[in-house]
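Fit chain X to the known structure of chain V by using the hints.
There are 2 protein chains.
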Amino acid sequence: MKVVITGGTGMLGRRLALRILEKPELTALDGTPREVDKLVLFDAFEPVEPPPDDPRVELVTGDICDAATVDALIDGETDSVFHFAAVVSGGAEADFDLGYAVNLDGGRNVLEAARRTGRCPRIVFTSSLAVYGGERSIDDSTALTPRTSYGTQKAIGELLVNDYTRKGFVDGRTLRLPTIVVRPGKPNAAASGFASSILREPLQGDVVENPVDPETRMLILSPKRAVQAFIDVHNADGESLGPNRSVMMNGISPTIGEMLEALRAYAGDEVADRVTAKPDELIQTIVDGWPWFADGARARALEMEPDASVEEIIETFVDEELGGTIAK
Amino acid sequence: MKVVITGGTGMLGRRLALRILEKPELTALDGTPREVDKLVLFDAFEPVEPPPDDPRVELVTGDICDAATVDALIDGETDSVFHFAAVVSGGAEADFDLGYAVNLDGGRNVLEAARRTGRCPRIVFTSSLAVYGGERSIDDSTALTPRTSYGTQKAIGELLVNDYTRKGFVDGRTLRLPTIVVRPGKPNAAASGFASSILREPLQGDVVENPVDPETRMLILSPKRAVQAFIDVHNADGESLGPNRSVMMNGISPTIGEMLEALRAYAGDEVADRVTAKPDELIQTIVDGWPWFADGARARALEMEPDASVEEIIETFVDEELGGTIAK
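If you read the sequences in order, they're chains V and X.
For what it's worth, our numbering labels the leading residue of the first sequence as 1, then goes sequentially.
For what it's worth, our numbering labels the leading residue of the second sequence as 1, then goes sequentially.
Take these hints with a grain of salt, some might be off.
To be verified - With a straight-line Cα cutoff of 30 Å, these simulated BS3-like cross-link-like pairs (lysine-lysine) come out:
| id | chain 1 | residue 1 | chain 2 | residue 2 |
| --- | --- | --- | --- | --- |
| 1 | X | Lys186 | V | Lys167 |
| 2 | V | Lys186 | X | Lys167 |
| 3 | X | Lys278 | V | Lys167 |
| 4 | X | Lys224 | X | Lys186 |
| 5 | X | Lys167 | V | Lys278 |
Said to hold, decoys possible - Anything over 10 Å on all C-beta distances counts as not near chain V; from chain X, calculated:
| id | residue |
| --- | --- |
| 6 | Val36 |
| 7 | Glu49 |
| 8 | Leu160 |
What the hints assert, rightly or not - Residues of chain X clear of chain V, computed beta-carbon distances all greater than 10 Å:
| id | residue |
| --- | --- |
| 9 | Gly133 |
| 10 | Val227 |
| 11 | Lys328 |
None of these hints come from the bench; they were simulated from the model.
Just so it is clear, CB atoms sit at the ideal spot from N, CA and C, and this is done for glycine as well.
With the rest of the complex left out, here is chain V (with noise of 0.2 Å):
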């Protein structure tokens, strides 16, 4: 079974290409589970962390913005694709035409490329809370208003992926994303990305400005909890899932405050006092965009689950990311 992930070399990419190494079944398009034998890693970049080791895993960098690229990627051979290459929200916002470039047409790209396979393979759309359009609580129907480029590129592609999936061509899935949390390594350029820092910074010893009100919850997931979420997402009966085949993640919901206090209990006081406060305005109007609670009771029939509490959040990150040691 061949397995394609765009955006490979990337932070959810890489670690489900992990996952999928170690436990190689996922469920093949007779919808019978085998092991994954060719694991092929897309990326605009040269790999930031080494790529796996493996003679499964072949590495391949280009551009998805480029057809004959993503059709060369996508062959005959292939059963599923994630599709995680993306430009992120605030890169999205601060550059109009790249992310429509990326985002959109390069989504394309991977559903016409899926498409003349002729063989209607398994896609894993990745989309994200920015869909939605500053509700404070969401549910499996809540209406796509996005509020920023990044949020209508992803509405955008769930629409695409459920016509494509229509038609026969592919056999599509998105999984809405919450915001992940502890994402490892540097920031990025994701409005999401200090909900990262704040607690990955004081645990590696930096220092770092918390740009939001202490007040202003987050919906969030950790990248253990997402690949998971992938997997399972990936495996579940297209049929049951119905025309619409977006699946909304849970999250837990914390606010900003309730993350630095749950930082200050785990990992005492000197750690959390690495934090201030410096208040960024296009931030916090971007974030105040995104919901604060969601209900999926669809990603619940899945038996797809998200964080126990953020002390969990943390551990995860320290355990996976950190070799169990806090910078004192």
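Below, chain X alone, put in the same frame as chain V:
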């Protein structure tokens, strides 16, 4: 003031043009009323009906899919664009690639050309109830979960109009139309075409087959009311519409049986007996995905009025298109 109508020789585009020529005052970019002194009618085809004979009118034939053509069309003098050019629902379902090329990429060409003018022209985008996904009743907050390629393309267009507007590239607004009844002229490839044919053909002396169950309801609006709604939504204050620029137009919701009864009451047995039942599963399936009842508070707030009754719709058609004479 210069106005461009894409699809300007089509049924609605042409009627809107005639209405503007008759009462040429529209709200200009500065928010004040201004006289339209140049009206460009753009279309892919040589006009079927003769274009309005008026010195203010310029006819341009070209391909909406060609970016350079659209750039030349929407120039630095353009104040407003009404974007009607589209492949209709049945056509977009039959030719997937053509539907996306015209309805999605053509729409993007219009938005990009308008953006390049640098003067934030008013864009009125035409959408349809095909953006909905099988709900019986809809209102302004209903999620868009289309079940046809046409509906998908229109939902995407609405998202793009909102995003280009938010960025300040255009001053966009979308009018989401019920099924237009009675469409004059020849049947077209729209899956909804029968709703006009079952009234138009008998009134013109021809026999016609009704492809759907008489208990099926249709949300309908006359061309006359639709044209007025386009003027109203064009002139509406953009700021007051908020970040979601889509306005769902209300209609009336007779059953097909009630429409045929109204025809019988208005035109007599001889005319009404020209309709015979011939169920068509494909059309029934598509139509079953469309809503029956619309409760559009935004349209009401803008005082955009639907027709009073099927009788009024029939009478409007007979007066405007048949010179007041029914074919006995």
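Going through the hints against the structure:
{"no.": "1", "hint": "Lys186(X) with Lys167(V)", "in the structure": "holds, 29 Å"}
{"no.": "2", "hint": "Lys186(V) with Lys167(X)", "in the structure": "holds, 29 Å"}
{"no.": "3", "hint": "Lys278(X) with Lys167(V)", "in the structure": "holds, 26 Å"}
{"no.": "4", "hint": "Lys224(X) with Lys186(X)", "in the structure": "holds, 18 Å"}
{"no.": "5", "hint": "Lys167(X) with Lys278(V)", "in the structure": "holds, 26 Å"}
{"no.": "6", "hint": "Val36", "in the structure": "holds, 31 Å"}
{"no.": "7", "hint": "Glu49", "in the structure": "holds, 33 Å"}
{"no.": "8", "hint": "Leu160", "in the structure": "violated, 7 Å"}
{"no.": "9", "hint": "Gly133", "in the structure": "violated, 7 Å"}
{"no.": "10", "hint": "Val227", "in the structure": "holds, 27 Å"}
{"no.": "11", "hint": "Lys328", "in the structure": "holds, 45 Å"}
When held up to the earlier numbered hints, the structure conflicts with 8, 9 and fits the remainder.
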